[in-house]
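Chains as they are written, first to last, in my numbering: chain A, 1 to 168; chain B, 1 to 168; chain C, 1 to 168; chain D, 1 to 168; chain E, 1 to 168; chain F, 1 to 168.
Careful: at least some of the hints might be erroneous.
Since the list gives no way to pick one copy over another, a pair counts as held whenever it fits inside one copy or between any two copies.
Here are the computed lysine-lysine pairs in the DSS-like style, where the Cα-Cα straight-line distance is at most 30 Å [unchecked claim]:
1) Lys-23 - Lys-70
2) Lys-151 - Lys-23
3) Lys-151 - Lys-70
4) Lys-23 - Lys-85
5) Lys-151 - Lys-47
FYI, nobody ran anything at the bench for these hints, they're computed from the structure.
Below, each chain spelled out in residue letters.
There are 6 protein chains.
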Amino acid sequence: MSDKKLTHLDDQGNAHMVDVSSKDVTARTATAQGRVGMSADALSQLKDQTAKKGDVIATARLAGIMAAKKTADLIPLCHQLPLSKVALTFDTDDSGVSISATVKTTAQTGVEMEAMTAVSVAALTIYDMLKAVDRAMQITDIRLTHKDGGKSGLYTFAPDMPNPAGTD
Amino acid sequence: MSDKKLTHLDDQGNAHMVDVSSKDVTARTATAQGRVGMSADALSQLKDQTAKKGDVIATARLAGIMAAKKTADLIPLCHQLPLSKVALTFDTDDSGVSISATVKTTAQTGVEMEAMTAVSVAALTIYDMLKAVDRAMQITDIRLTHKDGGKSGLYTFAPDMPNPAGTD
Amino acid sequence: MSDKKLTHLDDQGNAHMVDVSSKDVTARTATAQGRVGMSADALSQLKDQTAKKGDVIATARLAGIMAAKKTADLIPLCHQLPLSKVALTFDTDDSGVSISATVKTTAQTGVEMEAMTAVSVAALTIYDMLKAVDRAMQITDIRLTHKDGGKSGLYTFAPDMPNPAGTD
Amino acid sequence: MSDKKLTHLDDQGNAHMVDVSSKDVTARTATAQGRVGMSADALSQLKDQTAKKGDVIATARLAGIMAAKKTADLIPLCHQLPLSKVALTFDTDDSGVSISATVKTTAQTGVEMEAMTAVSVAALTIYDMLKAVDRAMQITDIRLTHKDGGKSGLYTFAPDMPNPAGTD
Amino acid sequence: MSDKKLTHLDDQGNAHMVDVSSKDVTARTATAQGRVGMSADALSQLKDQTAKKGDVIATARLAGIMAAKKTADLIPLCHQLPLSKVALTFDTDDSGVSISATVKTTAQTGVEMEAMTAVSVAALTIYDMLKAVDRAMQITDIRLTHKDGGKSGLYTFAPDMPNPAGTD
Amino acid sequence: MSDKKLTHLDDQGNAHMVDVSSKDVTARTATAQGRVGMSADALSQLKDQTAKKGDVIATARLAGIMAAKKTADLIPLCHQLPLSKVALTFDTDDSGVSISATVKTTAQTGVEMEAMTAVSVAALTIYDMLKAVDRAMQITDIRLTHKDGGKSGLYTFAPDMPNPAGTD
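Whole structure, please, built from the sequences with the hints as guidance.
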């Protein structure tokens, strides 16, 4: 078993917000992705809106940006970080929509959770806005795809590696 | 294409918080599920904690409960609903942990989004607490599995139906 | 001087959240309006966006809806009310954009502040999104234009009455 | 038409929280003003309270200060900024009360929206506390009057310049 | 040992927000008290302010009222309740200030935590505003003094009963 | 009477968020303590839970951590500070549980209120979770015990000094 520690738990296994006061303040960036799978009917309405007024996507985009700023209020042990950039992209294909969120900060810890939260809340918002058409939509494949900055440096999700979770 | 309307958009396609003032106040319940897939190493640490002190799961559980209460603050067009119950369960298997959240209200609209949000934030919290061990964890299969109450009545997710999103 | 009491102050002049527990639960609605005056340049960019993608207006609309739900968190003595509808409209003319917000509830007190707050935050959002083009924009004429329900019944703003504030 | 870009929209016109990570961290200050016009009756009660206990103004002042800290939660594309000072002043004349808010930060972007938000929420709070006496009060003339720091340097609202919005 | 159950824990000892959906909607009220002990110097400045402008007390009062509305956001397993009244009183004696908060609702569960939270945050605010003068202030004796409504009916704190905590 | 100024009030006695922009950014730490006194029955259930699953303490711990991050939202004149560490400890004795919270930041002002708030909300959460067993619990002795960093340097609460508030 790994020697890596669960840094959110102290020596007695209790939760705490870890001390980052001795870490360097550096530029940090993270990108996360996710997907909402949906019926042809829901997708058609989503695309139709996209073409005409874009409100489903526009609403999900803003929900994701605003949620990124609330991350430390949602995830109990996250540090509050001043985000210097949040941007989301949405790509539709023939069975749903893929979401990507990129977040930047200059701080003592990274913004992985902000990117993951932005994607999750954008996906939930798409579900909310289309659920009258398709209640069986599913949110899948939320994962960190890129991270840079800080002591651990660059991380890139490698989809063709054997995936430990076996779901992709 | 379906005649079902996207109720979050008005006749001009603009977003609004839909008028539910003429709907009946009834008991409503919703259950959503989701899953965090992870490496054997992360799972081992999760289970170990579960056996010893349960803090990863306990933290995710509280994060999910508290997030359910914030749903209307996260999802732009959700109504604020007074929740009468929120409960989450967690089940580990050999490749990750499955999360289920059940939410109840007595109100003019349902609590699907509250259940979906509880599961999503609980999953994000598990990711946050284990990411030092496994950054490649994935959050998958977030979906509404049960809904009751209101005019539309009972809904149950049917996993052996052809899945429109093709990811499950 | 009027005998009307400032209901937010008790007999000693101290602030309190007034007791509405003996008031009837009734359907209540309120509409507020406001305006953002801007340069031709800013207006041109606003309209151009409206025509193409509508993001300035779409963002302001969502900000207004979400702010209506936060009213009791912003205005110290407001009661928390479950809103059953929030909708905003935007109309551009040759010197700016007029905003109208309509809010409904079924509760023991009214939603005037929710409508006023929705308009104010939508106006602030327009300012934020266009301030790179015109810092001299002004937000004006925020007022309650319609209110119904509750003991005091119907109220309508009468613009041709002598206006006490002299700005309209 | 101006070449100035709407920085809150990317090249495709989509909303994003703009990247400020390469901007300098400098001391920044902003002052905004606004006004609540009201009837003689409302004004008399406001002044009377001011003389005796000041609770209407004291409540509005705190609401403005607290709202400044919530700006990034209200205005979708605002960055979260650590405010180093927030102060409001209130001046009554014969037809209402004028509000001024000054906000400071040391950060990569300015605090115009924090000052504008502080004034707006203070004005809404005055409306809320006096609306039992005068529902026809109006909030007007919310504008940025002073801004300093950052690359664009000093800005001062010039009231005797031809006003593009034509309302002052 | 008591047979009374810890209702916030389910049969397996896990936290959940308990199901109140089958409880009656009734009028409920709760009063809590607390105290901030302080030096003669701090007390003198507090009283002086009270006489002149009352801002320390006025600020603490508003902080308490606003905190009551945030109770469900602070206390993880609290239900969200629409408060119909919140009022605080402050009494100074020769060694500090006593705080009392009364809260009302018409709901399926009581407002004890809202009253306790209002007192606590009012006390913290007094500490914050006077800490430049006296860092050794102490917040003590926060307790529920009165509760009515719901199935359990009237409860009154009896100070001359043997106190189980031995601190009063 | 002391010459020390109440820094939260300006020269006219009005509340403001004081200007800290000229203060040094330094490492700062603060520790606060508090206590929940309770009946033998409540204590027995608390300890039993602690031994078995720890959920009462685990819930209070997370509530305290999350509340520390909300301090500036609760205490009207507090500055928003990016916390670099939050940790709580709980110790039971024969009449209750003692709580200690330590908070760190690197900023222009200290984290006393964050530590005091963490203790207070943890104590309120313990009250909430055990109130079904003992409504007469009391929260006492909330005080700052240690503070370091900034211009005023080290402060330590000295319990055997004559206590100005006379309650300890």
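Status of the hints after comparison with the structure:
1. When the C-alpha separation of Lys-23 and Lys-70 is checked against a cutoff of 30 Å, the pair qualifies both within a copy, at 23 Å, and between copies, at 23 Å.
2. For a Cα distance limit of 30 Å, the shortest separation of Lys-151 from Lys-23 qualifies both inside one copy, at 8 Å, and across copies, at 23 Å.
3. When the C-alpha separation of Lys-151 and Lys-70 is checked against a cutoff of 30 Å, the pair qualifies both within a copy, at 25 Å, and between copies, at 29 Å.
4. Proximity of Lys-23 to Lys-85 under the C-alpha cut-off of 30 Å is found in both arrangements, the shortest distances being 21 Å within a copy and 12 Å between copies.
5. With identical chains, the CA atoms of Lys-151 and Lys-47 are at most 30 Å apart between copies only, with a shortest distance of 28 Å across copies and 42 Å within one.
Against the hints set out earlier in the document, no violation occurs for any number.
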